Amino acid sequence: MLISDVTDEEVEGCKNEIKRQENGKIHYLDFEDWYLSSPIYIVSFVKKQFDEFDNDSDGYINEQELEPLLKKIVSELLSENVVKEQLDTIGQVLFDDKHNKTDKASFIEWFKCSLYFEQATRRN
55 MLISDVTDEE
65 VEGCKNEIKR
75 QENGKIHYLD
85 FEDWYLSSPI
95 YIVSFVKKQF
105 DEFDNDSDGY
115 INEQELEPLL
125 KKIVSELLSE
135 NVVKEQLDTI
145 GQVLFDDKHN
155 KTDKASFIEW
165 FKCSLYFEQA
175 TRRN
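Under the working numbering, the sequence shown has 91 at position 37, and the numbering climbs by one with no breaks.
Please keep in mind that the hints were generated in silico from the structure rather than gathered at the bench. Note that the structure is predicted; figures quoted are calculated from it, not measured. Keep in mind that the hints are not guaranteed to be accurate.
Said to hold, decoys possible - Have a look at the derived ranges for each label pair, beta carbon to beta carbon:
hint : residue 1 : residue 2 : range
1    : I94       : S133      : 18 to 26 Å
2    : V147      : G78       : 41 to 49 Å
3    : S98       : N70       : 21 to 29 Å
4    : V147      : D84       : 18 to 26 Å
5    : Q118      : E76       : 23 to 31 Å
6    : N70       : Q173      : 20 to 28 Å
7    : T61       : K152      : 40 to 48 Å
8    : E71       : K101      : 30 to 38 Å
We treat Cβ as the ideally placed atom computed from N, Cα and C, and that holds for glycine.
Sequences are here, hints too, so could you generate the full structure?
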């Protein structure tokens, strides 16, 4: 994902967030740590995973697709496991009684408000 119209202020803000070596330079691994915990990367990653786990390509994740989707996202971003009780609660929040599925926009909005997102953006 490329972002256009980035301001000098935004670039300076990013430079200030990234850990620097004693000589003031940014080491590649420090940049990588910063990037992998950036909200832009995380949302992009979650969108890509949503599309991959939407098995019937209908634009929705159903109950059967939710568990492997969340397990993949959480294991990749946080190196943690999702427990069954968490999945049940998340399903209750995301799915209504009528359809038992959620679209990408709703899933992304939920994820951005979740503890998973908060933990992923605070990894450094």
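Hint check:
no., hint, result
1, I94 x S133: 18 to 26 Å, "21 Å, holds"
2, V147 x G78: 41 to 49 Å, "45 Å, holds"
3, S98 x N70: 21 to 29 Å, "22 Å, holds"
4, V147 x D84: 18 to 26 Å, "36 Å, violated"
5, Q118 x E76: 23 to 31 Å, "52 Å, violated"
6, N70 x Q173: 20 to 28 Å, "22 Å, holds"
7, T61 x K152: 40 to 48 Å, "44 Å, holds"
8, E71 x K101: 30 to 38 Å, "23 Å, violated"
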